[in-house]
Amino acid sequence: MPHLTLEYTANLALDPAAALAAINAAAFDSGLFGESDIKSRALRLADFRTGIEATERAYAHVRIALLGGRTPGERKELADAVLAALTAVLAAPPGHELQLSVETVDLDRASYAKAVVHG
Amino acid sequence: MPHLTLEYTANLALDPAAALAAINAAAFDSGLFGESDIKSRALRLADFRTGIEATERAYAHVRIALLGGRTPGERKELADAVLAALTAVLAAPPGHELQLSVETVDLDRASYAKAVVHG
Amino acid sequence: MPHLTLEYTANLALDPAAALAAINAAAFDSGLFGESDIKSRALRLADFRTGIEATERAYAHVRIALLGGRTPGERKELADAVLAALTAVLAAPPGHELQLSVETVDLDRASYAKAVVHG
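Protein chains in written order, with our numbering: chain A, 37 to 155; chain B, 37 to 155; chain C, 37 to 155.
Keep in mind that the hints were calculated from the coordinates and are not lab data. It is possible that some hints are incorrect.
Identical chains share a label here; the pair holds if one copy fits it or two copies do between them.
In silico DMTMM-like pairs for lysine to aspartate or glutamate, Cα to Cα no more than 20 Å straight-line [stated by the list, open to error]:
{"no.": "1", "residue 1": "K150", "residue 2": "E92"}
{"no.": "2", "residue 1": "K112", "residue 2": "E89"}
{"no.": "3", "residue 1": "K112", "residue 2": "D142"}
Turn these sequences into a full structure, and let the hints steer you where they fit.
In structure tokens form, the structure reads like this:
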């Protein structure tokens, strides 16, 4: 951990490699995590919908799953930093409303299982 | 929020745009959310498995992530309404058992970060 | 439930069908679930990043979502069994560090909605 998942709607011009580099750097700079523990992925959403009106909209969302034990303040600072990193690499398409959001979620520490293998 | 994620196995004949319109409408009709706050995506599962037997099976699942503070009754009504909407747009393939499910999960309100940008 | 989600980075040589069969069997052997209730999917991550350094890395992660009421010991045994199953079907690419992890998460039982349809 942490596991970061970036979802972005397909109407956004986003470079996933650059976006993941940016959010990983933000997570690392928080000082909360070991460098190699930060694992992220980007998912392009081909099928998406915001609301029920036929308005031009886009969204990007990051879910940060981390082991329990962080303070509320640490979680909020982390989410704000990742949101800032995401905002810096994304622009709303012309005429669109772009919603950006970041959530943090606790992983269950007691049952978390992990192994590292070297090839 | 809310963030809705529809997953469906690739052996289902589902129109993702119609399905998302249906579940967004059900979420909006609950009266719990602002119209533009309802953000959904559909993920087609090319690689899936139900159980361990070689039976013809399919499933669709919706995860509804919402900010804390809803009552258990509100969450149950919302899940039931989304399940009804999903059921209305899906049919089991001939000879298949189709499982439909809806979960609700609380987002951590204290750390949730959001921004809106206009293009 | 349970819903199992296997994510694996695209630099891994993994047979998703074999991997899902292995983790479903591990879940079934736990004795905690009905056979047909075990629903899994595999997601290949084309866009991923571990950490901030330019090192060759890979990861695979399983999220097990199950209805509340399992003991901590049951959850830990389940996660360990699924991790063992995953380890058995995966090898680290030459020169790579491969991180494997398994989490369990409680679904909200009170609002969970489900239906079964036969085609």
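The hints, checked one at a time:
For the identical chains of this complex, K150 and E92 are inter-copy neighbours only, at 19 Å across copies versus 42 Å inside a copy, given an alpha-carbon limit of 20 Å. Proximity of K112 to E89 under the C-alpha cut-off of 20 Å is found in neither arrangement, the shortest distances being 32 Å within a copy and 25 Å between copies. In this assembly of identical chains, K112 and D142 lie within 20 Å of each other by CA distance both inside one copy and across copies; the values are 13 Å within and 16 Å between.
This entry does not satisfy hint 2, going by the numbered hints stated previously; all others are met.
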